[in-house]
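A.B. asks: For reference, the chains in residue letters:
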Amino acid sequence: MPGEVFVDHVRKTFRNVIAVDDVSLKISEGEFFVLLGPSGCGKTTTLRIIAGLEKADSGRVYIDGKDVTDLPPKDRDVAMVFQDYALYPHMKVRDNVAFPLKIRRMPKQEINKRVKEVAELLGIDDVLDRYPYELSGGQQQRVALARALVRQPKIFLMDEPLSNLDAKIRIYLRSELKALQRKLNVTTIYVTHDQAEALSLGNRIAVMNKGKVMQIGTPDEIFNSPSNTFVANFIGSPPTNILEALVTQSSDGVILDFGEFKVKAEKIIGKSYVNVAIEQYSDKILVGIRPEYFKFSLEPTPNSFTKGKVVVIEPLGSETILTVNIGSMFIKIKTFIDVKELGIKEGREIWLEVDPRKVFVFNSKGDRIYY
Amino acid sequence: MKARNVGIIMLIPALAIMLLFIVYPTALAIYYSFTDYNVVKGSINFIGASNFVKLLSDYKLINSITRTLMFMALAVSLSMVTGIVMAVLIYECMLGRKIFATLFILPLAIPYVIIGLAFKFMLSYDIGVINYFLEVIGIGRVPFFGKPDLALLATALVDSWPGSAFVFLVTLAGFESIPRRIVEAALIDGASSFRLYMHVLFPMIKRFLVIALLFRLLDSFKAFDHIYMMTAGGPGEATQYISIYITKTSFDYFNLGYACALAIVILLALSLLAQALIKMLGLQKLRTTGWR
Numbered sequence: 001m002p003g004e005v006f007v008d009h010v011r012k013t014f015r016n017v018i019a020v021d022d023v024s025l026k027i028s029e030g031e032f033f034v035l036l037g038p039s040g041c042g043k044t045t046t047l048r049i050i051a052g053l054e055k056a057d058s059g060r061v062y063i064d065g066k067d068v069t070d071l072p073p074k075d076r077d078v079a080m081v082f083q084d085y086a087l088y089p090h091m092k093v094r095d096n097v098a099f100p101l102k103i104r105r106m107p108k109q110e111i112n113k114r115v116k117e118v119a120e121l122l123g124i125d126d127v128l129d130r131y132p133y134e135l136s137g138g139q140q141q142r143v144a145l146a147r148a149l150v151r152q153p154k155i156f157l158m159d160e161p162l163s164n165l166d167a168k169i170r171i172y173l174r175s176e177l178k179a180l181q182r183k184l185n186v187t188t189i190y191v192t193h194d195q196a197e198a199l200s201l202g203n204r205i206a207v208m209n210k211g212k213v214m215q216i217g218t219p220d221e222i223f224n225s226p227s228n229t230f231v232a233n234f235i236g237s238p239p240t241n242i243l244e245a246l247v248t249q250s251s252d253g254v255i256l257d258f259g260e261f262k263v264k265a266e267k268i269i270g271k272s273y274v275n276v277a278i279e280q281y282s283d284k285i286l287v288g289i290r291p292e293y294f295k296f297s298l299e300p301t302p303n304s305f306t307k308g309k310v311v312v313i314e315p316l317g318s319e320t321i322l323t324v325n326i327g328s329m330f331i332k333i334k335t336f337i338d339v340k341e342l343g344i345k346e347g348r349e350i351w352l353e354v355d356p357r358k359v360f361v362f363n364s365k366g367d368r369i370y371y
Numbered sequence: 372m373k374a375r376n377v378g379i380i381m382l383i384p385a386l387a388i389m390l391l392f393i394v395y396p397t398a399l400a401i402y403y404s405f406t407d408y409n410v411v412k413g414s415i416n417f418i419g420a421s422n423f424v425k426l427l428s429d430y431k432l433i434n435s436i437t438r439t440l441m442f443m444a445l446a447v448s449l450s451m452v453t454g455i456v457m458a459v460l461i462y463e464c465m466l467g468r469k470i471f472a473t474l475f476i477l478p479l480a481i482p483y484v485i486i487g488l489a490f491k492f493m494l495s496y497d498i499g500v501i502n503y504f505l506e507v508i509g510i511g512r513v514p515f516f517g518k519p520d521l522a523l524l525a526t527a528l529v530d531s532w533p534g535s536a537f538v539f540l541v542t543l544a545g546f547e548s549i550p551r552r553i554v555e556a557a558l559i560d561g562a563s564s565f566r567l568y569m570h571v572l573f574p575m576i577k578r579f580l581v582i583a584l585l586f587r588l589l590d591s592f593k594a595f596d597h598i599y600m601m602t603a604g605g606p607g608e609a610t611q612y613i614s615i616y617i618t619k620t621s622f623d624y625f626n627l628g629y630a631c632a633l634a635i636v637i638l639l640a641l642s643l644l645a646q647a648l649i650k651m652l653g654l655q656k657l658r659t660t661g662w663r
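Just so you know, the sequences run in chain order A and B.
Each step along the first sequence adds one to the number in the working numbering, with nothing skipped, and position 146 is 146.
Each step along the second sequence adds one to the number in the working numbering, with nothing skipped, and position 101 is 472.
Don't read these hints as lab results, they were simulated from the structure.
One or more hints might be untrue.
[Claimed, not checked] Distance ranges between label pairs, derived from CB positions:
hint : chain 1 : residue 1 : chain 2 : residue 2 : range
1    : A       : K116      : B       : L386      : 51 to 61 Å
2    : A       : S58       : B       : C464      : 21 to 31 Å
3    : B       : L477      : A       : P239      : 49 to 59 Å
4    : A       : S237      : B       : L477      : 55 to 65 Å
5    : A       : S136      : B       : M493      : 53 to 63 Å
6    : A       : S136      : B       : S642      : 39 to 49 Å
7    : A       : Y133      : B       : L648      : 52 to 62 Å
8    : B       : L386      : A       : S136      : 38 to 48 Å
9    : A       : G123      : B       : L386      : 29 to 39 Å
10   : A       : D57       : B       : A489      : 42 to 52 Å
11   : B       : M493      : A       : S58       : 48 to 58 Å
[Stated by the list, open to error] To give an idea of the chain B side of the interface with chain A (calculated C-beta under 8 Å), a few residues:
hint : residue
12   : I418
13   : D560
14   : M575
Note that CB positions come from ideal geometry on N, CA and C, so glycine has one too.
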């Protein structure tokens, strides 16, 4: 089974800063695995430990069941693509791509054949005799990819390979990269801080924060079932609204007290949640609602739970972001409805409702409550 | 005041200094080189190109040039090798980097006269500390300044001390200018340390090495202070390198006209050497390639 990676309880500190805190990952053969998180979360360090560029303080790294923790990068059969491409500036594109093969003393004919193949695959066969500085950023990144591909390694490691490109090329190369990975079926570990990149590329995503893995899951799981407030907040744009509520009982049933308004629990969180909330978290809970899951109307409806004043309207073409103010609380709403047509202007009051099935409930520490 | 005029005014001090200390003496030297100016006699007669004709058949000059070239070959290659080795060691070693780097650079801060004086005593046959140790370990005393070839070797060794410090400094600066990512890319691509240096690091610092070599060649060609301090050209004429020969001609034999003719020829030779090196090593090309 070529290309299986197992990271086992890896820890790494730089001076006093904990960069990677007990990270364990199991990446299977042919998988496109994304490490996602804000800058400084330890995702790049984790990747560099897998590459062998950084030594873990403790924990082990296995590739195809073999312990590679103490092996130098060259003996791990991994290829890496860097954010700034790291092409050899004194070599022509052809020699850049051929370098990993030359170093392995492959026969010249074989090298030429492989370089040609990979150059055609990536559409850089017409720039083989140029120097890297003569190429555009997109072309340079293709050369870096070619240099990684040409060796046919077990594993690709990619450290924000698209971050230095402008938006258009980035999105174009992104889909190309995905198609390429599916075609070659090589295990790929991809580091990014861009959630759109992570969601669109990954078979699975590990969301990291402060050196810890917050959640590992498919893009769908990460988006629709975040296991803590960090993931809920980090994924999605604008981020998930996290509202604090006190759970109280009254003759009317269970009431959620948001401070600015009180509401019957059933209107916001699912029935099964209500029971769990009462039994185990009778004190405080955190309610997470994605901006896209709000519904709103100009008049109260049976399901609306509060009203708020629209303070900012941001039209983004196909969608619109509303900022709604309820007392001291601000909520972001994303809608595809034409708010102008509805007659909503800044200053207008609207009534809000949600689909309780789409609401995430967390305990006061921020961990998801499951029922 | 117009910006153009300000620029010219700003240039005046530098221009004045250059005129006074470079252009004027050079012009004077060119003039003297066509005379038989003798400092002691005080006579000065125009004698045309006969100084330059005499120069062609001056066996002392030929000897001096031969010895200079031998000295250069030794001193430059020694300093290039040790300088580069020291730079690689420091680049590889993370611990104590600053301390060792400072120690290696130190000789650059010492005036050549002092270096010459110090080594004159250290290498002395009777009272030298180096000969003392050589005797202690059983090799016996070596007359460094007593035999022609030993003297040449000794001067080359001493010259390569500050020389290698300079090469070290420039080479290390070259290594430090290489982005860490490139080194990492090469390591992941499968390069061993040896191949990393051969295929990536040294080619990338080529122009740094070229500059170091250029400076070393020029420096050793005109080496004077420390050599004069140690041997004053001796024994015999074994270390009478070109600069020492010129000095002796003008101040020991007072033949300033002839010395000036020598100096002019050397100046031309040096400029040609520098030009050739710059061309050969493709410094112009590197300038346009744009990589840092």
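A.B. asks: Evaluate each hint against the coordinates.
C.D. replies: Hints and how they fare:
A hinted range of 51 to 61 Å holds for the C-beta pair K116(A) and L386(B), which are about 59 Å apart. Restraint check, S58(A) to C464(B): a C-beta distance of roughly 26 Å satisfies the suggested window 21 to 31 Å. For L477(B) and P239(A), the Cβ-Cβ distance of about 57 Å falls inside the hinted range of 49 to 59 Å, so the restraint holds. Checked against the hint of 55 to 65 Å, the pair S237(A) and L477(B) passes, with Cβ atoms roughly 58 Å apart.
The hint said 53 to 63 Å for the Cβ distance between S136(A) and M493(B), and at roughly 60 Å that hint holds. Between S136(A) and S642(B), the C-beta spacing of about 42 Å keeps the proposed range 39 to 49 Å intact. The given range of 52 to 62 Å is broken by Y133(A) and L648(B), whose C-beta atoms sit roughly 25 Å from each other. The supplied range of 38 to 48 Å is met by L386(B) and S136(A), whose beta-carbon atoms lie about 45 Å from each other.
For the hinted restraint 29 to 39 Å between G123(A) and L386(B), the CB-CB distance of approximately 56 Å leaves it violated. The supplied range of 42 to 52 Å is met by D57(A) and A489(B), whose beta-carbon atoms lie about 49 Å from each other. Roughly 53 Å separates the CB atoms of M493(B) and S58(A), a value that falls within the hinted 48 to 58 Å. Annotation: interface hint on I418(B) violated; nearest CB of chain A at approximately 54 Å, more than 8 Å.
Interface restraint check: D560(B) against chain A, minimum CB-CB distance 4 Å, threshold 8 Å, status holds. Taking 8 Å as the C-beta cut-off, the interface hint given for M575(B) holds, the closest approach to chain A being about 5 Å.
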